[in-house]
Amino acid sequence: MTRKVLVVFAHPEAASFVGSLRDVVASIAAEKRAEVRQHDLYDEGFSAVLSLNEWQLHRAAPETKPHLVRHFEDLQWCDTLVFVYPTWWSAQPAILKAWMDRVIAHDVAWNVKDGADRISPGLSNVKRLVAITTHGSSKFVNVLEGEAGKYIVKRAIRVLCSWRCRTTWLAMYDVDGSTRVERDRFTRRVERRLRQIL
Amino acid sequence: MHFVVVVAHPSPDGYAHALAAEVERAALAAGNQVTILDLYRESFNAAMTAEEWRAYAGDNPIVDPQVAAHAELVKQADALVFVYPTWWSGVPSILKGWLDRVLVAGVAFHFDKKGKVRPSLTNVRHIIGITTSGSKPLYIALMRDNGRRMLGRALRLSCGWRTRTTFLSLRGIHNKTDEQRERFLARVGKTIGRLK
Chain C
1 MTRKVLVVFA HPEAASFVGS LRDVVASIAA EKRAEVRQHD LYDEGFSAVL
51 SLNEWQLHRA APETKPHLVR HFEDLQWCDT LVFVYPTWWS AQPAILKAWM
101 DRVIAHDVAW NVKDGADRIS PGLSNVKRLV AITTHGSSKF VNVLEGEAGK
151 YIVKRAIRVL CSWRCRTTWL AMYDVDGSTR VERDRFTRRV ERRLRQIL
Chain Z
1 MHFVVVVAHP SPDGYAHALA AEVERAALAA GNQVTILDLY RESFNAAMTA
51 EEWRAYAGDN PIVDPQVAAH AELVKQADAL VFVYPTWWSG VPSILKGWLD
101 RVLVAGVAFH FDKKGKVRPS LTNVRHIIGI TTSGSKPLYI ALMRDNGRRM
151 LGRALRLSCG WRTRTTFLSL RGIHNKTDEQ RERFLARVGK TIGRLK
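Keeping their order, the protein sequence lines are chains C and Z. Numbered according to the numbering used here, the first sequence spans residues 1 to 198. Numbered according to the numbering used here, the second sequence spans residues 1 to 196.
Simulated from the structure, these hints should not be mistaken for lab results. Certain hints may be false.
What the hints assert, rightly or not - Straight-line C-alpha distance at most 25 Å; calculated DSS-like pairs for lysine-lysine:
{"hint": "1", "chain 1": "C", "residue 1": "Lys139", "chain 2": "C", "residue 2": "Lys154"}
{"hint": "2", "chain 1": "Z", "residue 1": "Lys75", "chain 2": "Z", "residue 2": "Lys114"}
{"hint": "3", "chain 1": "Z", "residue 1": "Lys136", "chain 2": "C", "residue 2": "Lys154"}
{"hint": "4", "chain 1": "C", "residue 1": "Lys4", "chain 2": "C", "residue 2": "Lys32"}
{"hint": "5", "chain 1": "Z", "residue 1": "Lys114", "chain 2": "C", "residue 2": "Lys139"}
{"hint": "6", "chain 1": "Z", "residue 1": "Lys190", "chain 2": "Z", "residue 2": "Lys176"}
{"hint": "7", "chain 1": "C", "residue 1": "Lys113", "chain 2": "C", "residue 2": "Lys154"}
{"hint": "8", "chain 1": "Z", "residue 1": "Lys196", "chain 2": "Z", "residue 2": "Lys75"}
{"hint": "9", "chain 1": "C", "residue 1": "Lys127", "chain 2": "C", "residue 2": "Lys32"}
{"hint": "10", "chain 1": "C", "residue 1": "Lys154", "chain 2": "C", "residue 2": "Lys127"}
{"hint": "11", "chain 1": "C", "residue 1": "Lys139", "chain 2": "Z", "residue 2": "Lys116"}
{"hint": "12", "chain 1": "C", "residue 1": "Lys65", "chain 2": "C", "residue 2": "Lys113"}
{"hint": "13", "chain 1": "Z", "residue 1": "Lys75", "chain 2": "Z", "residue 2": "Lys116"}
{"hint": "14", "chain 1": "Z", "residue 1": "Lys176", "chain 2": "Z", "residue 2": "Lys136"}
{"hint": "15", "chain 1": "C", "residue 1": "Lys113", "chain 2": "Z", "residue 2": "Lys176"}
{"hint": "16", "chain 1": "Z", "residue 1": "Lys113", "chain 2": "C", "residue 2": "Lys139"}
{"hint": "17", "chain 1": "Z", "residue 1": "Lys136", "chain 2": "C", "residue 2": "Lys113"}
{"hint": "18", "chain 1": "Z", "residue 1": "Lys136", "chain 2": "Z", "residue 2": "Lys190"}
Computed from a prediction, not measured in an experiment: that's the story for all the values here.
Full structure from sequences and hints, please.
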């Protein structure tokens, strides 16, 4: 089965280590003949803030936000959703949190059934969530810090996906003091895991 | 005490701003000084720029005067108050961007002789989070309340040993009556007024 992969990339510098991991996703996807759609949020000039207008349209139909329609379509199209980002302050960079705040929208990723007082999941197309991220500090420090970003993906986003959806967490820690060899080792690990998934 | 109140809600006449106004009122009434940082009103740029990212590890990581002004306030703050809606169990992106860009080396932390990260916000005696959430308590707990974790733990680690954290959350806000909202406002005012 041909995978449909949506890659959401959030780093201000494409020529960074995180940027090279995005390229790894692209090359493994090509090798496995997966279909790929990609959003490089910085390159697109994606707004990192949910606007007042968007807030007022929180429960409105997706068509009321035409500037986001391409993002909505890609999110509903994919079966594999891959986030590639650096972890800052224990979570996603603002621009990626903004993608979640703005694109994970009503009647795209969730809805509210008549009479219900809670949201129902809408992303039954998403069967696999992948997060590829780097941390400046150690795993120990990140555990102390509460790993907010990890659980935003593994819980808050996960519950909107297919009930069978699996999550894959590929994280490198201590990247700030890392050597070339250690970073290469992580790159190999990402390649191996993606070959199994895609 | 000097209270720095960071407000992150797009609607200027909504409940979040009423909460921020109550924080200001209660803090002033208790004889404190208050500065409000209304991120939407200031059109705060949430995304760390490539220039800032390249400067991040250097001696001067702040390149934007607006960020520099906020950083100066944080360095003098005795209490940091965050008023925000919880979105996808985390803080709104504009508030995340504020953390990413303002709380850099030289503001929130510094490096010791061995190059280890050390806390710099020893001036901050209180971290206070005030948030509203559409979800109910059980759902929030299952999602692990990530906004609170980020402020109460990740940011807390950059403060001193004695820094206290206080969280007030109004959960299931869509089903709350005006009376319940009023009661929460009063609770916020009372809690702020009691801080020492």
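- Query: CA of Lys136 (chain Z) to CA of Lys113 (chain C), is that 25 Å or under?
  - Reply: holds (17 Å)
- Taking 25 Å as the top limit, are the C-alpha atoms of Lys75 (chain Z) and Lys114 (chain Z) close enough? holds (24 Å)
- Taken at face value, is the distance from the CA of Lys139 (chain C) to the CA of Lys114 (chain Z) at most 25 Å? Since the Cα atoms of Lys114 (chain Z) and Lys139 (chain C) sit roughly 19 Å apart, the hinted pair holds (cutoff 25 Å).
- Given hint Lys32 (chain C) paired with Lys4 (chain C) - CA-CA distance at most 25 Å: Distance ~11 Å between Lys4 (chain C) and Lys32 (chain C) Cα, so the pair holds.
- Is the straight-line distance between the alpha-carbon of Lys75 (chain Z) and that of Lys116 (chain Z) 25 Å or less? holds (20 Å)
- Query: Has the given pair, Lys139 (chain C) with Lys116 (chain Z), been kept, meaning a C-alpha gap of at most 25 Å?
  - Reply: Holds. Lys139 (chain C) to Lys116 (chain Z) sits at ~15 Å (cutoff 25 Å).
- Message: Just to be careful, I want the Cα atoms of Lys136 (chain Z) and Lys190 (chain Z) compared with a cutoff of 25 Å; is the pair within it?
- Response: Holds. Lys136 (chain Z) to Lys190 (chain Z) sits at ~24 Å (cutoff 25 Å).
- Item | Restraint status (C-alpha distance of Lys190 (chain Z) to Lys176 (chain Z) at most 25 Å) | holds (20 Å)
- Query: Holds or violated: Lys136 (chain Z) with Lys154 (chain C), Cα cutoff 25 Å?
  - Reply: holds (19 Å)
- If you draw a straight line from the CA of Lys113 (chain C) to the CA of Lys154 (chain C), is it 25 Å or shorter? Holds, at roughly 24 Å.
- Message: So if I understand the rule, the pair passes when the alpha-carbon distance is 25 Å or less; does Lys139 (chain C) with Lys154 (chain C) pass?
- Response: holds (17 Å)
- Is the Cα-Cα distance between Lys196 (chain Z) and Lys75 (chain Z) 25 Å or less? Measuring from Cα to Cα gives roughly 18 Å; hence the hint holds.
Consistency with the previously given hints is maintained throughout, with no hint failing.
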